[in-house]
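Trainee: When you line the sequence shown up against my numbering, it's residues 429 to 676, in that order.
No lab work stands behind these hints: they were computed from the structure.
Predicted model only: the values in this text are computed from it and were never measured.
Built from N, CA and C at the ideal position, the CB exists for glycine as well.
Check before you lean on any hint, since a few could be wrong.
Beta-carbon label-pair distances, calculated as ranges [what the hints assert, rightly or not]:
id, residue 1, residue 2, range
1, 607, 585, 15 to 23 Å
2, 663, 536, 36 to 44 Å
3, 468, 536, 43 to 51 Å
4, 596, 467, 30 to 38 Å
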Amino acid sequence: MSVPYETAEYESAQSPESPEEHLARLLGRALNSFELPDEVLRDLDCALAHDSSLHSAHHSAGLHRETYRHTWLLADGSAVTLWELAHNTAPGAEAQHEVYLDEEELHTATTRLALPYDTSDFEPPVLPELSAAPEPRHAYVEDNSPDHARRLLRRAENPDRPGGELAALLATAVAHEITQAFGRPGRTARAGVSFALYEHAFLLGDGREISLWEVEHTATPDGRHMCEVYTSPDAARDAMEHRAARLG
Numbered sequence: 429m430s431v432p433y434e435t436a437e438y439e440s441a442q443s444p445e446s447p448e449e450h451l452a453r454l455l456g457r458a459l460n461s462f463e464l465p466d467e468v469l470r471d472l473d474c475a476l477a478h479d480s481s482l483h484s485a486h487h488s489a490g491l492h493r494e495t496y497r498h499t500w501l502l503a504d505g506s507a508v509t510l511w512e513l514a515h516n517t518a519p520g521a522e523a524q525h526e527v528y529l530d531e532e533e534l535h536t537a538t539t540r541l542a543l544p545y546d547t548s549d550f551e552p553p554v555l556p557e558l559s560a561a562p563e564p565r566h567a568y569v570e571d572n573s574p575d576h577a578r579r580l581l582r583r584a585e586n587p588d589r590p591g592g593e594l595a596a597l598l599a600t601a602v603a604h605e606i607t608q609a610f611g612r613p614g615r616t617a618r619a620g621v622s623f624a625l626y627e628h629a630f631l632l633g634d635g636r637e638i639s640l641w642e643v644e645h646t647a648t649p650d651g652r653h654m655c656e657v658y659t660s661p662d663a664a665r666d667a668m669e670h671r672a673a674r675l676g
């Protein structure tokens with residue numbers, strides 16, 4: 429099976445392990461790995477890339493509990509996430525590991541421990557202007573989302589369009605959704621000039637969501653269509669107002 433360049437680069441940047449090696453190590457240390465459905469394990473055997481992150485942690489009086497999110501990108505563009513619980517049963521005792529298919533099962537397992545589930549002494553860092561979302565906010569479509577992101581950024585003509593760091597993140601997208609946005613029309617209504625604002629929402633392999641905001645308009649000297657892309661709806665609407673104001 430051939431691996432796309434962006435996927436291979438993403439995998440090597442995240443971990444020296446292959447997706448298969450990472451899965452084998454996780455299952456090897458989990459006491460309840462036999463409970464995972466066979467069809468899930470078959471899907472994970474064909475994963476193209478993977479990513480792991482610390483989801484929460486708590487330490488108190490020699491006891492500790494950490495939860496980890498492990499996500500694999502599959503060949504069809506979908507993603508599978510397993511949740512790992514690591515904890516000790518007594519101060520100084522060796523850590524035990526459990527693995528679960530969804531966050532609800534993880535929550536149920538965590539409530540059995542002496543440490544409280546809803547108290548955390550550690551909050552994992554997030555990239556600026558990006559946040560981890562527990563549930564997707566959009567009705568995503570799995571349709572070559574990295575290519576959609578590349579084409580969107582390629583046609584953007586504004587000098588302050590998103591740069592390479594964000595483009596690299598979007599190369600790991602597994603699904604996306606396009607919706608037209610409305611509101612705050614201001615002075616963008618002009619005879620013979622059209623403005624349209626679209627949200628391009630992307631779901632990454634680790635569960636994060638990123639939105640880009642595309643402005644399509646004809647507020648150009650020759651009336652041609654122009655595309656601009658911004659990282660927030662306010663920046664996109666400000667650009668629309670600015671374009672409209674220059675028309676007089």
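Trainee: Holds or violated: the 43 to 51 Å window for the beta-carbon distance between residue 468 and residue 536?
Mentor: 18 Å, violated
Trainee: Cβ-Cβ distance between residue 607 and residue 585: within 15 to 23 Å?
Mentor: 22 Å, holds
Trainee: Quick one: are residue 596 and residue 467 within 30 to 38 Å, going by C-beta?
Mentor: Hint holds: Cβ distance 32 Å, inside 30 to 38 Å.
Trainee: Could one say that the CB atoms of residue 663 and residue 536 fall in the range 36 to 44 Å?
Mentor: 42 Å, holds
Comparing the model with each earlier hint shows a violation of hint 3 alone; every other hint is respected.
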